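**Student:** Listed below, chain by chain, are the residues.
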Amino acid sequence: MNIESRKKALRYFFAKVVEPMGFKFTPDAELAEFLLEQEVKLEAKHGVPFCPCQPIRRDRSRDMKIVCPCIPFHREHFDAMKRCWCGLFVHRDVTDPNSLPQVPAKEMGIE
Amino acid sequence: MKKVSMYTLSTCPWCRKTKQFFTEHNIPFKFTDYDLADETTQDKIMRELDVEGVNGFPFVRIGNQAVEGYQPKRFAELLGIGSGAE
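Just so you know, the sequences run in chain order A and B. Going by my numbering, the first residue of the first sequence is number 1, and it counts up by one from there. Going by my numbering, the first residue of the second sequence is number 1001, and it counts up by one from there.
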């Protein structure tokens, strides 16, 4: 497997999914490259590009909710944070992704 | 000093930042990389996190307090130290 070519393919596919939801890739290029590389490796190991920052539980119904881009399964939470949990995607209007902390859904009053 | 322990993922940059935060503040800590652990350990961690309602990593315990996510200000607050700069 060529990691760089797969990263490029995931970028192309992910953009088509997240842009209609008002998200874009983080402007932090170094972070985006690192996360995409982790996802390529997770995909090679597990068959799907899981989120690098959420645990795989070996429970299909729960694990499917952390396949990238997992925004649709956590929409209210991620919209409130203006980023996804791992930070690969941010709201379209975000220019300073480092200003957006990770905040658990329960701390934002979201179930 | 409060005991610090954490569950992390080897693939997660925020888990790395969390470890870096405690290292830079000379706070000793124990950690388990969930994804590198055996299945028995993973199941034990998941039962613990399900009780806490935790979904994302890093998960940090500082004394008897728990923090989900990379939250340096919260870490500093719970440790009673000044610098929680992001």
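Please note that the accuracy of each hint is not assured.
[What the hints assert, rightly or not] In silico lysine to aspartate or glutamate, EDC-like type, Cα no more than 20 Å apart, as pairs:
| # | chain 1 | residue 1 | chain 2 | residue 2 |
| --- | --- | --- | --- | --- |
| 1 | A | K16 | A | E43 |
| 2 | A | K65 | B | D1050 |
| 3 | A | K65 | B | D1043 |
| 4 | A | K106 | B | E1052 |
| 5 | A | K45 | B | E1039 |
| 6 | A | K65 | B | E1052 |
| 7 | A | K41 | B | D1038 |
| 8 | B | K1003 | B | D1038 |
| 9 | A | K65 | A | D79 |
| 10 | A | K45 | A | E33 |
| 11 | A | K45 | B | D1050 |
| 12 | B | K1017 | A | D28 |
| 13 | A | K24 | A | E76 |
| 14 | B | K1073 | A | D63 |
| 15 | B | K1003 | B | D1033 |
| 16 | A | K45 | B | D1038 |
| 17 | A | K41 | B | D1050 |
| 18 | B | K1073 | A | D96 |
| 19 | A | K45 | B | E1048 |
| 20 | A | K45 | A | D79 |
| 21 | A | K106 | B | D1050 |
| 22 | B | K1002 | B | E1077 |
| 23 | B | K1002 | B | E1024 |
| 24 | A | K41 | B | D1033 |
| 25 | B | K1019 | B | D1035 |
| 26 | B | K1017 | A | E37 |
| 27 | B | K1017 | A | E30 |
| 28 | B | K1017 | A | D96 |
| 29 | A | K8 | A | E30 |
| 30 | B | K1017 | A | E33 |
| 31 | A | K106 | B | E1048 |
| 32 | B | K1044 | B | D1033 |
| 33 | B | K1044 | A | D63 |
| 34 | B | K1019 | A | E30 |
| 35 | A | K65 | B | E1024 |
| 36 | A | K65 | A | E76 |
| 37 | A | K82 | A | E111 |
| 38 | A | K8 | A | E37 |
| 39 | B | K1044 | A | E43 |
To be clear, the hints were calculated from the coordinates, so they are not data collected in a lab. For clarity, every value in this text was computed on a predicted model and none was experimentally measured.
**Student:** Checking against the hints above, which ones are violated?
**Tutor:** 8, 11, 14, 17, 19, 20, 35 and 39
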